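The lines below spell out each chain.
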Amino acid sequence: MAIVFQKPKSLTDVPYHYCPGCTHGIVHRLVAEAIDALGIEGKTIGIAPVGCSVMAYDYFKCDMIEASHGRAPAVATGVKRALPDHVVFTYQGDGDLASIGLCETVSTACRGENVTIIFINNAIYGMTGGQMAPTSLIGQVTQTSPYGRDPKTQGMPIRICELLATLDAPAYLERVAVNSVAHVRQAKKAIHKAFQNQVEGKGFSLVEVISTCPTNWGLTPEKACQFVEEKMIPFYPLGCFKDKENGK
Amino acid sequence: MSEKVLMKGNEAIAEAAIRCGCRHYFGYPITPQTEIAAYMSKRMPKIDGTFLQAESEIAAINMVYGCAATGRRAMTSSSSPGISLKAEGMSYLAGADLPALIVNVQRGGPGLGGIQPSQSDYFFMTRGPGHGDFHIIVLAPATVQEMADMTRLAFELGEKYRMPAMLLADGTMGQMMEPVVLPEDTVDPATIPATKPWATTGTEMKRAHNIVNSLYLKPDELEKTNYERFARYAKLEAEECRWEEYLMDDAEVCVVSVGITARVAKNAIVAARKEGIKVGMIRPITLFPFPKAALAKAAAKVKGFLTVELNMGQMNEDVKLAINCAKPVNMCNRVGGMIPSADEVLAAIRKEAK
Ligand SMILES: Cc1ncc(C[n+]2csc(CCOP(=O)(O)OP(=O)(O)O)c2C)c(N)n1
Ligand code: SF4
Ligand SMILES: [Mg+2]
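Chain order of the listed sequences is A and B. For the first sequence, position 64 (counting from the first letter as 1) is numbered 64 according to my numbering, and the numbering increases by one without interruption. For the second sequence, position 198 (counting from the first letter as 1) is numbered 198 according to my numbering, and the numbering increases by one without interruption.
Rather than coming from a laboratory, the hints here were simulated on the basis of the structure. Keep in mind the model is a prediction, meaning the values are calculated, not measured. Just so you know, not all the hints are guaranteed correct.
Below, in silico cross-link-like pairs of lysine-lysine (DSS-like), each with a Cα-Cα straight-line distance of 27 angstroms or less [as the list claims (entries may be wrong)]:
hint, chain 1, residue 1, chain 2, residue 2
1, B, K354, B, K327
2, A, K7, B, K206
3, A, K43, B, K266
Label pairs and their in silico Cβ distance ranges [to be verified]:
hint, chain 1, residue 1, chain 2, residue 2, range
4, A, P20, B, A208, 25 to 31 angstroms
5, A, G201, B, E221, 53 to 59 angstroms
6, B, A38, A, D168, 23 to 29 angstroms
7, B, Y216, A, I138, 24 to 30 angstroms
8, A, C110, B, Y216, 51 to 57 angstroms
9, A, C110, B, E178, 35 to 41 angstroms
10, B, A296, A, Q131, 28 to 34 angstroms
11, B, E221, A, T144, 30 to 36 angstroms
12, B, A38, A, P20, 53 to 59 angstroms
13, B, A300, A, Q131, 56 to 62 angstroms
14, A, G218, B, A38, 42 to 48 angstroms
Here are a few chain A residues that sit away from chain B, every Cβ distance over 12 angstroms (derived from the structure) [unchecked claim]:
hint, residue
15, S10
16, I45
17, D150
18, P151
By construction, the Cβ of each residue, glycine as well, lies at the ideal position given by its N, Cα and C atoms.
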């Protein structure tokens, strides 16, 4: 029988620990597909964050490093400077990348470090049980914004792609989602490009993936995908914010 | 043999690191250690190395973490306030059993403190330089020559015991110029990663993936890593304690001091000997592991100890612990960037000898 669908080769057989309907799994798959397609597994080093994807090091077959909370871009920089011909990626949540690690994120982007960053924006701190994230929407109820995020006291959500697009150095910034088949297809393309850019030496590439956290959003997986469509995407518009080689 | 050159302590560290095969330096400016960064920024680009001025000390130590994970000899340097920011990274380096060199050219504290010499990070570095149960190797140079020699020692011991290693100098050591014979440039940086089969250098599809990690969610597994690490520390203590003894054969008073104060104390000891006072010195060179046995041995012979230090009595506690309070352990100290004069130390020795 012909194989029509299989697990990407650069994923291990370790079962994911993610909650049912969580889109971390889809994004892992897309990253692995890009690694497979480019044939770079043997020379890729991945950096896992602190967050629900902390154990990503068990899922990818390439060499992996676990970083402290928010510091993955600095760790990636250290690896890349040691191994400039290798492929280095980080996989980070919004608390990790946009809050505690924002300085590392902006500085790494500013240096135009030739690394790939996969940024999972699920508008919440998933791992610690659903606290407000820098990306939580206005009015969003979380464990630490029980009356809904109030911009007067809790500020406004941060748009990372738009923020980084003000910098000259980054090569590629795109925001995608994975809540529908069409969006997954687009996400796959963007993630592939973010890795290919690095292989071609083009510089800092970041893909922000609007993701779901059904568990802490208190929604079924299906309703969570709807929430992405109706609430997240209007605030976090999808699209390419920077693509240097194409003059954007 | 290498020629003798006149160099600042900070620069001697930098040049020695390069000669030991270090090609990756990550740092953030802070007085009184910035010459290390300045030196590296000049030298590294010429030898295909990396000098990177990081956005913060936190970023710098995490760059070291990533670089060390690839098996390279990586280093960072800072001074006290910056070392506070590196505490997180030192804990992760220790948790992942990664060797790396961290230089701390101490200044007075707490807070922003001052920029003059200090030894007030002694507790911080020797007790727990970050969260969790761990230690780093701590070496205390007292000459520019030792700044250079201990740079090599720090890399070698760090790799042997898979631990971060620190050169803990006071500001004077960093700023002072002295003749120094630099280590021979015999280490080929390219050969170092091959000695580290755990390094994340890419699988090349030839082996299972390596994982550099400090997370153990199962308590029994985490407990095991702690015990395993402390077994290494015990071996380190048994085999690598270093100290210098000065005029200890007939000594009745034992001065204990490191860095600049050990040098001041030496002058005071010479003067005291002229007065007929039987005084000597034990100068710990490794602060972790602390040369407890040497002090315990001395305790059997001397009437008392006198620590001379640039803090409120931090090493003093280690001496008391080492000798199990068998003899009085007094102190001659200055803080805030002040350094005791030889006369001040001499007066303290006279008091001790009475
Ligand atoms: C220094 C530090 N502070 C706090 C934590 C606790 N912590 C673990 S995960 C996390 C939030 C992660 O949220 P995010 O990055 O959005 O990832 P997600 O779980 O949503 O995928 C926090 C605060 C930690 N491990 N380390
Ligand atoms: S808590 Fe949320 S982000 Fe974490 S695995 Fe569960 S659904 Fe996914
Ligand atoms: Mg999150």
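Okay, the hints, checked on the actual structure:
Between the alpha carbons of K354/B and K327/B the distance comes to roughly 14 angstroms, so the proposed pair stays at or under 27 angstroms and holds. Of the supplied pair hints, the one linking K7/A and K206/B holds, its CA atoms being roughly 20 angstroms apart against a limit of 27 angstroms. About 55 angstroms separates the Cα atoms of K43/A and K266/B, which puts this hinted pair outside 27 angstroms; it is violated. Under the hint 25 to 31 angstroms, the C-beta atoms of P20/A and A208/B, about 29 angstroms apart, fit the expected range.
For the pair G201/A and E221/B, the beta carbons lie near 40 angstroms from each other, so the given range of 53 to 59 angstroms is not met. Between A38/B and D168/A the C-beta distance comes to about 27 angstroms, which sits within the given range of 23 to 29 angstroms. Under the hint 24 to 30 angstroms, the C-beta atoms of Y216/B and I138/A, about 39 angstroms apart, miss the expected range. For C110/A and Y216/B, the Cβ-Cβ distance of about 35 angstroms falls outside the hinted range of 51 to 57 angstroms, so the restraint is violated.
Hint check: C110/A to E178/B, Cβ distance near 40 angstroms, so the stated range 35 to 41 angstroms holds. One distance hint, 28 to 34 angstroms for the beta-carbon pair A296/B and Q131/A, is violated here, with the actual separation near 51 angstroms. For E221/B and T144/A, the hinted distance range of 30 to 36 angstroms is satisfied, since their beta carbons lie about 31 angstroms from each other. Checked against the hint of 53 to 59 angstroms, the pair A38/B and P20/A passes, with Cβ atoms roughly 55 angstroms apart.
Look at A300/B against Q131/A: about 58 angstroms separates their beta carbons, and that is inside 56 to 62 angstroms. For G218/A and A38/B, the hinted distance range of 42 to 48 angstroms is not satisfied, since their beta carbons lie about 55 angstroms from each other. Against chain B, the non-interface label of S10/A is violated: not every CB pair exceeds 12 angstroms, the least being about 10 angstroms. The beta carbon of I45/A sits about 5 angstroms from the closest Cβ of chain B, which is not more than 12 angstroms, so the claim that it is off the interface is violated.
Against chain B, the non-interface label of D150/A holds: every CB pair exceeds 12 angstroms, the least being about 30 angstroms. Distance check for P151/A against chain B: the nearest CB is about 28 angstroms away, which clears 12 angstroms, and the non-interface claim stands.
When each numbered hint is compared with the structure, violations occur for hints 3, 5, 7, 8, 10, 14, 15, 16.
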